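S.K.: Protein sequences appear in the order of chains Z and D. Note that this note's numbering has the first sequence beginning at 1, numbered continuously upward. Note that this note's numbering has the second sequence beginning at 1, numbered continuously upward.
Because the hints were derived from the structure by calculation, they are not lab data. Please read all numbers here as calculations on a predicted model, not as lab measurements. Even glycine gets a Cβ: it sits at the ideal position worked out from N, Cα and C. Worth double-checking, as some hints may not be accurate.
Said to hold, decoys possible - Below, simulated DSBU-like cross-link-like pairs (lysine-lysine); rule was C-alpha separation at most 30 Å, straight line:
id, chain 1, residue 1, chain 2, residue 2
1, D, 142, D, 101
2, D, 210, D, 235
3, D, 235, Z, 60
4, Z, 60, D, 103
5, D, 217, D, 142
6, D, 103, Z, 34
7, Z, 60, Z, 34
8, D, 101, D, 29
9, D, 142, D, 103
10, D, 217, D, 29
11, D, 210, D, 103
12, D, 29, D, 103
13, Z, 34, D, 29
14, Z, 34, D, 142
15, D, 235, D, 217
16, D, 235, D, 103
17, Z, 60, D, 29
Claimed, not checked - A short, non-exhaustive set of chain Z residues, derived as facing chain D with CB atoms under 8 Å:
id, residue
18, 3
19, 8
20, 32
21, 34
22, 35
23, 39
24, 76
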Amino acid sequence: MNGNSSPCLACGVRLFWDEVRQQHFLLFPEGAIKLNRTALAILERCDRHHTIDQIISELKRQFDQIVEADVYQFIDRIQERGLIHE
Amino acid sequence: MNEIPRPFSLVAELTYRCPLRCPYCSNPKNLSDYRQELSTEDWLRVIQQARQLGVLQLGLTGGEPLLRSDLELLVETAAELGLYTTLVTAGTLLTPERATKLKELGLDHVQISVQDSQAQENDRIAGTRSFDQKLATARLVKALGFPLTLNFVLHRQNLDRIEEMLLLAEQLHADRVELANTQYYGWALQNRSALLPTPEQLTHAEQVVKAAQQRGKIGMGILYVIPDYYAQYPKPCMGGWGNRTLIVTPTGDGLPCQAAMAIPNLEFGNVQDYSLDWIWFESSGMNRFRGTDWMPEPCQSCDRKTIDWGGCRCQAFLLAQDAQATDPVCHLSPHHEQIQSAFDQPSEAFVYRSVV
């Protein structure tokens, strides 16, 4: 994916706020990934309407230290697991 | 011991009734002892308690869970609580009407078992004609927009067709594939001589799986469950006893794994008498093999003790007659010759799952 890509969550993948653990998760078949605030902010914008460039600029407004390479690395890792796609 | 973690998964075995008769079924052999199934109210309470306990993943399984007419109500309740809910089915009883309703109610994911890539062999292993219906159900599930997992249990009598099984999964646009080498408990232990693969089959299987993983057509991945009789170290059974997963049987017993009822003198508690919270945190059975303090040598001084967690307690009991022993599949186990001798037994005909 590149800056113009507009990722979205794959079918059957969703975000979940766990009241019990006070923790955000990404849920998918037979799995759950704990999300920190930036990971959540990225995945909330994987809605087909945000390009990765837009996601990064919105993140930079919301958080102090956003490194573009880290955002791409996270998106690639989630894409490799088939949990988001273009 | 460290603080007890909360479970991520509840495996709800709604019933052990099933139209299939697979000779490696993971259900217990004394099927007739499980006729008094939990009521709808019991299951609704269990599902609510599971979420309060921290469960994120709910597997509705069996037997065949579609034989329960209250399945829709359970799915609706689970979805309202936000649980990620999977229907684990043999794929012979899911009508378009029921599937559509389950989708509307919030079911997240469907897993279908397939016994072989060839219709005739699938039907022979399942003990009933089912292959065509399974494929039709897989297509239905995809058409409704569910993610689809296909589960293949692997053994000597189908491993030569592992490539065809993976191609079938690709053709059906499965999102995930589980290739589970047979685990030898209960029915599968009884049929072990007919099911144990050859080393050549496993070498071939690993190459085929690796090639399919590189093709990358199964988007959410191919899970290959190792054939532990051939492994140097045991599998980390259930990710550790009472660590990640809680099972509830059709009659309401809470367990750390599907086979744990085979171990005598363990008390877990039944959901009709105890809360799921009590069963998970307080029951003596759930605490018996938690963590690492219980481990004997060679596990206790092993640097893999928090990787494989001593292996499987049920396997230790079944093969070494001691549930506390190191899993005999480990090459360091003093009982490892039990595994070696299994390879020397002549193959016998299948004994199909049945209610005696």
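S.K.: Which constraints among the numbered hints does this structure fail? Numbers only, ascending.
M.R.: Result: hints 3, 4, 8, 10, 11, 12, 13, 16, 17, 18, 19, 21, 22, 23 and 24 break, sorted rising.
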